[in-house]
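Take the sequence shown: its letter number 62 is residue 121 in my numbering, and every next letter is one higher.
Because the hints were derived from the structure by calculation, they are not lab data. Take the hints with a grain of salt, since some may be wrong.
The list that follows gives simulated cross-link-like pairs (lysine-lysine, BS3-like), each with its CA atoms no further than 25 Å apart [said to hold, decoys possible]:
(1) 120 <-> 105
(2) 99 <-> 120
(3) 95 <-> 120
(4) 105 <-> 90
(5) 105 <-> 75
Derived CB-CB ranges, DEER-like [what the hints assert, rightly or not]:
(6) 96 <-> 137: 17 to 25 Å
(7) 129 <-> 98: 27 to 35 Å
(8) 81 <-> 139: 26 to 34 Å
(9) 133 <-> 157: 31 to 39 Å
(10) 102 <-> 134: 23 to 31 Å
(11) 161 <-> 120: 17 to 25 Å
(12) 124 <-> 92: 41 to 49 Å
(13) 66 <-> 126: 45 to 53 Å
(14) 95 <-> 138: 24 to 32 Å
(15) 159 <-> 72: 40 to 48 Å
Values in this document were obtained by computation on a predicted structure and should not be read as measured data. Every residue gets a Cβ at the ideal spot worked out from N, C-alpha and C, and that includes glycine.
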Amino acid sequence: MIIVPTEIYELIPVGKGAGIVSKATGKVIAKFDDTKQAKKVLENIKVSQEARNASNFDHHKAMDFYIGKVGYSTERARSHVDGIDFNFPVNRTTLKIDEKYVQHRLCCINM
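Assemble the whole structure, with the sequences as input and the hints as a guide.
Next comes the structure, spelled out in structure tokens:
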């Protein structure tokens, strides 16, 4: 069973037992003969996700990226990271060669 920290999971009936399904993909990631056991695993997933979201893990990871890989000053990196709400999942986008990804900003502001 692989748990993605940003996905939402729910319990569904599977035969005489229960399953845990990813709401994002619709795939059953685990099946249990005992519904109580499935509920306990689902509770553990939620507790784990809440703990991860309460930490500053992603904040530090983003700062490391902006300072280490992009080369921004600490002040400029902080201005980027402060606008990110890490309580919501982030989707990865893979670009093709020569494809550009644009982040919109307000017109006429000097940056």
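Comparing the hints with the structure gives:
no., hint, in the structure
1, 120 <-> 105, "holds (22 Å)"
2, 99 <-> 120, "violated (30 Å)"
3, 95 <-> 120, "violated (36 Å)"
4, 105 <-> 90, "holds (17 Å)"
5, 105 <-> 75, "holds (24 Å)"
6, 96 <-> 137: 17 to 25 Å, "violated (44 Å)"
7, 129 <-> 98: 27 to 35 Å, "violated (44 Å)"
8, 81 <-> 139: 26 to 34 Å, "holds (30 Å)"
9, 133 <-> 157: 31 to 39 Å, "holds (32 Å)"
10, 102 <-> 134: 23 to 31 Å, "violated (42 Å)"
11, 161 <-> 120: 17 to 25 Å, "holds (23 Å)"
12, 124 <-> 92: 41 to 49 Å, "holds (44 Å)"
13, 66 <-> 126: 45 to 53 Å, "violated (29 Å)"
14, 95 <-> 138: 24 to 32 Å, "violated (49 Å)"
15, 159 <-> 72: 40 to 48 Å, "holds (47 Å)"
The structure is inconsistent with the numbered hints 2, 3, 6, 7, 10, 13, 14, although it conforms to all the rest.
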